[in-house]
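Residue-level listing of the chains:
Number of protein chains: 6
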Amino acid sequence: MSDALVPGSYDPITNGHIDIIERSARVFDKVWVTIFTNSSKKPLFSVEERLELIKEAVSHLDNVVVDSSEGLLVDYARERGISVVVKGLRAVSDFEYELQMAQMNKRLDPKLETFFVTTNVEYSYLSSSIIKVVVANGGSIKGLVPKHVEEALVAKLDGRGC
Amino acid sequence: MSDALVPGSYDPITNGHIDIIERSARVFDKVWVTIFTNSSKKPLFSVEERLELIKEAVSHLDNVVVDSSEGLLVDYARERGISVVVKGLRAVSDFEYELQMAQMNKRLDPKLETFFVTTNVEYSYLSSSIIKVVVANGGSIKGLVPKHVEEALVAKLDGRGC
Amino acid sequence: MSDALVPGSYDPITNGHIDIIERSARVFDKVWVTIFTNSSKKPLFSVEERLELIKEAVSHLDNVVVDSSEGLLVDYARERGISVVVKGLRAVSDFEYELQMAQMNKRLDPKLETFFVTTNVEYSYLSSSIIKVVVANGGSIKGLVPKHVEEALVAKLDGRGC
Amino acid sequence: MSDALVPGSYDPITNGHIDIIERSARVFDKVWVTIFTNSSKKPLFSVEERLELIKEAVSHLDNVVVDSSEGLLVDYARERGISVVVKGLRAVSDFEYELQMAQMNKRLDPKLETFFVTTNVEYSYLSSSIIKVVVANGGSIKGLVPKHVEEALVAKLDGRGC
Amino acid sequence: MSDALVPGSYDPITNGHIDIIERSARVFDKVWVTIFTNSSKKPLFSVEERLELIKEAVSHLDNVVVDSSEGLLVDYARERGISVVVKGLRAVSDFEYELQMAQMNKRLDPKLETFFVTTNVEYSYLSSSIIKVVVANGGSIKGLVPKHVEEALVAKLDGRGC
Amino acid sequence: MSDALVPGSYDPITNGHIDIIERSARVFDKVWVTIFTNSSKKPLFSVEERLELIKEAVSHLDNVVVDSSEGLLVDYARERGISVVVKGLRAVSDFEYELQMAQMNKRLDPKLETFFVTTNVEYSYLSSSIIKVVVANGGSIKGLVPKHVEEALVAKLDGRGC
Chain A
22 MSDALVPGSY
32 DPITNGHIDI
42 IERSARVFDK
52 VWVTIFTNSS
62 KKPLFSVEER
72 LELIKEAVSH
82 LDNVVVDSSE
92 GLLVDYARER
102 GISVVVKGLR
112 AVSDFEYELQ
122 MAQMNKRLDP
132 KLETFFVTTN
142 VEYSYLSSSI
152 IKVVVANGGS
162 IKGLVPKHVE
172 EALVAKLDGR
182 GC
Chain B
22 MSDALVPGSY
32 DPITNGHIDI
42 IERSARVFDK
52 VWVTIFTNSS
62 KKPLFSVEER
72 LELIKEAVSH
82 LDNVVVDSSE
92 GLLVDYARER
102 GISVVVKGLR
112 AVSDFEYELQ
122 MAQMNKRLDP
132 KLETFFVTTN
142 VEYSYLSSSI
152 IKVVVANGGS
162 IKGLVPKHVE
172 EALVAKLDGR
182 GC
Chain C
22 MSDALVPGSY
32 DPITNGHIDI
42 IERSARVFDK
52 VWVTIFTNSS
62 KKPLFSVEER
72 LELIKEAVSH
82 LDNVVVDSSE
92 GLLVDYARER
102 GISVVVKGLR
112 AVSDFEYELQ
122 MAQMNKRLDP
132 KLETFFVTTN
142 VEYSYLSSSI
152 IKVVVANGGS
162 IKGLVPKHVE
172 EALVAKLDGR
182 GC
Chain D
22 MSDALVPGSY
32 DPITNGHIDI
42 IERSARVFDK
52 VWVTIFTNSS
62 KKPLFSVEER
72 LELIKEAVSH
82 LDNVVVDSSE
92 GLLVDYARER
102 GISVVVKGLR
112 AVSDFEYELQ
122 MAQMNKRLDP
132 KLETFFVTTN
142 VEYSYLSSSI
152 IKVVVANGGS
162 IKGLVPKHVE
172 EALVAKLDGR
182 GC
Chain E
22 MSDALVPGSY
32 DPITNGHIDI
42 IERSARVFDK
52 VWVTIFTNSS
62 KKPLFSVEER
72 LELIKEAVSH
82 LDNVVVDSSE
92 GLLVDYARER
102 GISVVVKGLR
112 AVSDFEYELQ
122 MAQMNKRLDP
132 KLETFFVTTN
142 VEYSYLSSSI
152 IKVVVANGGS
162 IKGLVPKHVE
172 EALVAKLDGR
182 GC
Chain F
22 MSDALVPGSY
32 DPITNGHIDI
42 IERSARVFDK
52 VWVTIFTNSS
62 KKPLFSVEER
72 LELIKEAVSH
82 LDNVVVDSSE
92 GLLVDYARER
102 GISVVVKGLR
112 AVSDFEYELQ
122 MAQMNKRLDP
132 KLETFFVTTN
142 VEYSYLSSSI
152 IKVVVANGGS
162 IKGLVPKHVE
172 EALVAKLDGR
182 GC
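Protein chains in written order, with the numbering used here: chain A, 22 to 183; chain B, 22 to 183; chain C, 22 to 183; chain D, 22 to 183; chain E, 22 to 183; chain F, 22 to 183.
Among the hints, erroneous ones may be present.
No distinction is drawn between identical chains; accordingly, a pair holds when it is met within one copy or between any pair of copies.
Pairs of lysine-lysine, BS3-like flavour, derived with a Cα cap of 27 Å [to be verified]:
1) 62 x 132
2) 153 x 51
3) 177 x 51
4) 153 x 63
5) 51 x 132
Please keep in mind that the hints were generated in silico from the structure rather than gathered at the bench.
Quick caveat: nothing in here was measured; it's all calculated off a predicted structure.
Taking the hints into account, I'd like the entire structure generated from these sequences.
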C-alpha cells in the first residue's frame with residue numbers, strides 16, 4: 022500500500038491539521054507530515070519551532086514522520102516513493118487553489134495522486150492565520166490547537182496586536 | 022491497506038469515471054465500483070445494462086469489483102470492510118454537494134473516510150447528463166466514453182432529441 | 022424593535038432550522054415561522070402535518086408564532102408589519118439563490134430587509150432533503166431533528182427507499 | 022466580422038436578455054436570437070408565443086434575427102457561419118454550468134467561440150423563473166420585462182399560484 | 022431590542038457601507054460604526070481621518086455612533102452590550118471569509134450573532150480598494166462615495182498612480 | 022467591426038494568455054495586447070522585457086498590436102476606439118474579481134463591453150504565478166509557456182527558490 026504526504030506550512034499546526042493527519046494515518050501505511058519552506062509568506066515560527074510543535078502534536082501516531090523541505094513537492098515525493106498527497110479542504114476558495122496545484126503537480130509527475138479530505142465540521146472555520154489574529158488580540162483559542170501550541174502562540178503574540 | 026468504494030449512478034459510465042477508477046486502483050488494494058439505485062432520478066439505462074457497461078469498461082483492471090446496491094452507502098461499506106469512499110470532483114457545485122454528503126456519511130459512520138480526487142483536466146467538463154444531451158441531438162462523443170458505451174447510447178437515443 | 026419572519030418549506034423542520042429560529046427569537050421582539058406553500062416541489066408532509074411538527078419543536082419559545090401562507094412573501098410581511106426576513110445560509114449555492122430572492126424582494130418592497138445567518142457548524146451539512154434520503158434508506162438521524170420529527174419521518178419513510 | 026448567436030429558452034424574454042442582445046448587436050454585424058427547444062424542461066409559453074414575444078422586444082434592433090431550432094447548437098451555428106456564441110452570466114452557478122457547455126461545444130466544434138457577458142447590475146438577480154414565481158403570486162414585475170411580456174405573463178399566470 | 026455593530030476598516034467609507042449602515046439603523050435601536058485597527062493592511066487614511074469621513078457621512082442618522090478600537094471584536098461588543106454584528110456581503114469570496122469570521126466569533130462569544138446583509142445591487146461591485154485604484158489613475162468615482170470622501174481621496178491620490 | 026483589448030500584467034506571458042489572444046484575433050479585426058503597469062504587485066520582469074516576450078510569442082498573428090500603458094483601462098480604450106475588452110476566465114475566484122472590474126469599467130465608460138472567454142481546458146490551471154513557483158524550485162514548465170519565455174524564466178529564477 023501507498024505512503025502519503027500531508028504537506029503544509031504549519032505556522033503553527035492546528036487541531037484541523039491534526040484531524041487530517043490522524044485520518045491519513047488510519048488509511049495509509051506511512052504518513053509524511055512535511056513543512057515546505059518555499060512559500061513567499063514570512064512565517065511566525067521558525068522551521069525548527071514548527072517541527073517541534075508538530076512532533077509533540079503527533080507523538081501518539083506510530084506511522085507518522087515529521088520533516089521539512091526547501092524543494093519542489095513532486096521531487097520530494099518521488100525520491101521517497103510517496104504516491105499520494107493528502108490535502109484538507111474547508112471552503113470553495115481552498116478548493117480552487119488546491120485544484121490548481123493538484124493539476125500542476127499531476128503534470129509535473131503523472132504518477133502522483135492528490136486526495137482531498139474535508140476536516141471535521143468543528144474545525145471547518147479554522148486556519149493558522151485566524152488563530153494568530155485571535156491570540157494577538159488576547160482571545161482564547163482553547164480547543165482549537167493543542168495545549169503546547171497555545172502556549173507557544175501566547176509566548177510569541179499575546180497582547181502584541183497584529 | 023484499505024479497500025475503496027467508488028459509488029455513482031453511472032448512467033452511463035464515462036471516461037471521467039474510468040479515470041477516477043484507474044487512479045483508485047493504483048492506490049488501493051481493492052476497488053468497489055458500485056451503482057447505488059436509491060436516487061430519485063429516472064435512469065436511461067437499467068441497473069443490469071449499467072453493470073454490463075461498467076464491467077466492459079474496467080475489464081483491464083484486476084483489483085476492481087463491479088456491483089449494485091439499493092441500500093445506504095455507509096451500511097454497504099461497513100458490511101464489506103471498506104474504509105474509504107473516493108469521489109471525483111469537477112466544479113464548485115459538485116464540491117458543495119459532495120462535502121455535504123461526506124459530512125453526513127461521517128456522522129453515520131465515523132470510521133468511513135471520503136477522499137476527493139480531481140479528474141484529468143481533459144474530462145473536467147464531462148458528465149453523464151451532458152453526454153446524453155449531445156447524443157440525443159446527434160452530436161459526436163468520440164473520446165469521451167468508451168466505444169461500447171457510445172454504441173449503447175446511440176442505440177437508445179440517437180435522433181430522439183431529449 | 023422589528024418583528025422578523027423566518028420563511029421556509031419545513032418539510033420537515035430540522036435542528037438547523039430550530040437553531041436559526043432560536044437565534045432570531047433572542048434578537049427580535051416577535052418571530053413568525055411561516056410555511057410558504059407556493060413552491061412547485063411536492064412535499065412529503067401536508068401543510069397541517071408540517072405546522073404541527075414546527076409547533077411542537079418551538080413550544081419552548083414565547084415570542085414565536087407558527088403560520089402558513091399561499092401568497093407572496095413581501096405581501097405577507099407588509100400586512101403584518103414585519104420588517105426583517107431571516108434566512109439561514111449553509112453553502113455558496115444557498116448564498117447565490119438567497120441573494121437573488123433577497124434582491125427581488127427588495128425591489129418588490131424596499132422597506133423589507135433580508136438578514137442572513139449561518140447555522141451552527143454542527144448543522145452545516147443538514148437539509149430536509151438529505152434527512153429524507155437517510156431515513157428512507159434506514160439510516161439514523163438522531164441528533165439532527167427533534168425526537169417527534171424523527172418518529173414522524175420513520176412512520177412515513179422507513180424501509181421504503183426513495 | 023463575425024456573426025453572433027444568443028441562444029436561450031426565453032420562457033419568456035426578460036430585460037436581462039434584452040440587455041445582452043443589445044450589447045451583442047452593438048459589437049457584431051448580425052445577431053441571431055435563437056430558442057433551442059431540446060431542453061427537457063416543460064415551458065410556460067409555446068415556441069410560437071416565445072418567438073412573438075422576442076420579436077416585439079427586439080424590433081428596434083436592425084441587425085437581429087429571431088429564430089428557433091430543435092437541433093444541436095454547434096450544428097446550427099456551423100450551418101449559418103456563426104463564429105461566436107454570447108451568453109449572459111449572473112452568478113457563480115451560472116458560470117460553472119455555462120463553462121461546462123462552452124468546453125463541450127468547443128470540443129464539438131473547435132472553431133466556435135463562446136463569449137460571456139455580464140448583465141447590467143440592475144438585472145443581476147433576474148431570471149425567467151423568478152419572474153414567473155412573482156407573477157403567479159400576484160407580484161409586480163414592472164421594469165423587469167417589457168410591457169407586452171408583462172401582459173402575456175399576467176394573462177397566463179395571475180392569481181394561479183405555481 | 023438589540024444594539025448592532027457594523028465593523029470595518031472604512032479606508033475610506035463608500036456608498037456601499039452607508040447603504041448597510043442606513044439599513045441597520047432602520048432595524049436596530051442603536052448602531053455602532055466601528056473601525057477595527059488590528060488588521061495588518063497599511064491604510065491610506067489615518068484612524069482620525071477615517072473617523073471624520075464616517076462622521077460626516079452618517080450625520081443624518083440619529084441612532085448611529087462612530088468609534089474605533091484596537092481590540093478584539095467580541096470583547097468590544099460584550100463590553101457595550103451589543104448582541105448583533107451586521108456585515109455586508111457582495112460576492113461568494115466575501116461570503117466564505119465572513120462565514121469563517123462569524124463562526125470564530127460565535128465560538129469566542131456564543132451570545133453574539135452575526136447577520137449578513139446584501140448591499141443594493143447598484144453597489145455590488147464597490148469596494149474601498151477598487152475606489153482607490155480608480156482615483157489613483159484619474160478616474161471618476163462620482164456617485165460611489167459621498168462628495169467629501171471623493172475630495173479627500175483626490176487630495177491624497179490623484180495622478181499619483183498606485 | 023470592433024477592435025478588442027486583451028489587458029494583463031503578462032509577467033510573463035503563458036500559453037493560456039496566447040490561447041486567449043489567438044481566439045480574439047480570429048473574431049476581431051484588430052487586437053491590442055496591452056500591459057497595464059498600475060498594479061501594486063512588484064513584477065519579476067520589467068515592462069520592456071515583458072513587451073519583448075509577448076512580441077515574440079504573438080509574431081505569427083497579423084492583426085495583433087503589443088503595447089503598455091500606465092493609465093486607466095477605460096481611458097486607454099476610449100482614445101483608441103476600442104469597444105471590447107476580452108478577459109480569460111479560469112476559476113470562480115477569477116470570475117468574481119473580473120466581474121467586479123467589468124461592472125466598474127462599465128460605469129466609467131458605458132460604451133465599453135467586457136467579454137469573458139474560457140481558456141482551453143489544458144491551460145485551466147495555469148497562471149504566471151504558479152509558473153514562477155515551479156521554475157524557482159527547479160521544476161519543468163515545458164509546454165506551458167513558449168520556449169523563449171521558458172529560457173527567460175530559467176535565466177532569472179532557476180535554483181533561486183522563491
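Hints versus structure:
| no. | hint | result |
| --- | --- | --- |
| 1 | 62 x 132 | neither (29 Å within a copy, 35 Å between copies) |
| 2 | 153 x 51 | neither (30 Å within a copy, 31 Å between copies) |
| 3 | 177 x 51 | neither (33 Å within a copy, 38 Å between copies) |
| 4 | 153 x 63 | both (13 Å within a copy, 18 Å between copies) |
| 5 | 51 x 132 | both (18 Å within a copy, 18 Å between copies) |
Violated hints, in rising order: 1, 2, 3; the structure is consistent with all others.
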